[in-house]
Amino acid sequence: MTIDYEWRGAFTDPELDTLHAEGFGHPAQPGGRLARLERHSLGWVTARRAADAALVGFVNLAWDGGVHAFLLDTVVSPRARRQGIATRLVAEAADGARAAGCAWLHVDYEPHLRAFYLDACGLKPTDAGLLAL
Numbered sequence: 000m001t002i003d004y005e006w007r008g009a010f011t012d013p014e015l016d017t018l019h020a021e022g023f024g025h026p027a028q029p030g031g032r033l034a035r036l037e038r039h040s041l042g043w044v045t046a047r048r049a050a051d052a053a054l055v056g057f058v059n060l061a062w063d064g065g066v067h068a069f070l071l072d073t074v075v076s077p078r079a080r081r082q083g084i085a086t087r088l089v090a091e092a093a094d095g096a097r098a099a100g101c102a103w104l105h106v107d108y109e110p111h112l113r114a115f116y117l118d119a120c121g122l123k124p125t126d127a128g129l130l131a132l
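Residue numbers (numbering that gives the first Met the number 0): 0 to 132.
Derived by calculation from the structure, the hints in this document are not laboratory data. It is possible that part of the hints are untrue.
Simulated restraints, written as ranges between beta carbons of each label pair [to be verified]:
#	residue 1	residue 2	range
1	Thr11	Thr125	31 to 37 Å
2	Glu109	Val66	25 to 31 Å
3	Thr11	Leu129	31 to 37 Å
In this text, a Cβ means the ideal position worked out from N, Cα and C, and glycines have one as well.
Just need the whole structure built from these sequences, with the hints factored in.
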């Protein structure tokens, strides 16, 4: 399957709502994702199946306005997993952060994703803190 990746690629809210619901296993939650991303994100990367332009992957890249970028919501459609799409999404996001002058790329992840982010994507483990609000 050929996949096209694009920094700040175009998408519609329904497309991303559907991908999030499929990828994270919850009901679709409509709600203006594109407007929020345009206001608050350094960028994002879309992954589309070349054959039909279907959105099969996405990652958001938030930032602090300086040298820190943060990966959020890396998601790949269940039907397109295990093909390296998520790894490529993270690499493209890292390139975007680097091009914007960021020096650090952060990500929080659940334990079952440790091997993906550390081994497949090359991130290094760090100590971090979290306060539920």
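Right, here's what the structure says about each hint:
1. Between Thr11 and Thr125 the beta carbons are some 35 Å apart, a value that agrees with the proposed interval 31 to 37 Å.
2. Restraint check, Glu109 to Val66: a C-beta distance of roughly 26 Å satisfies the suggested window 25 to 31 Å.
3. At roughly 32 Å, the beta carbons of Thr11 and Leu129 sit within the given window of 31 to 37 Å.
The structure is consistent with each of the numbered hints, conforming to all of them.
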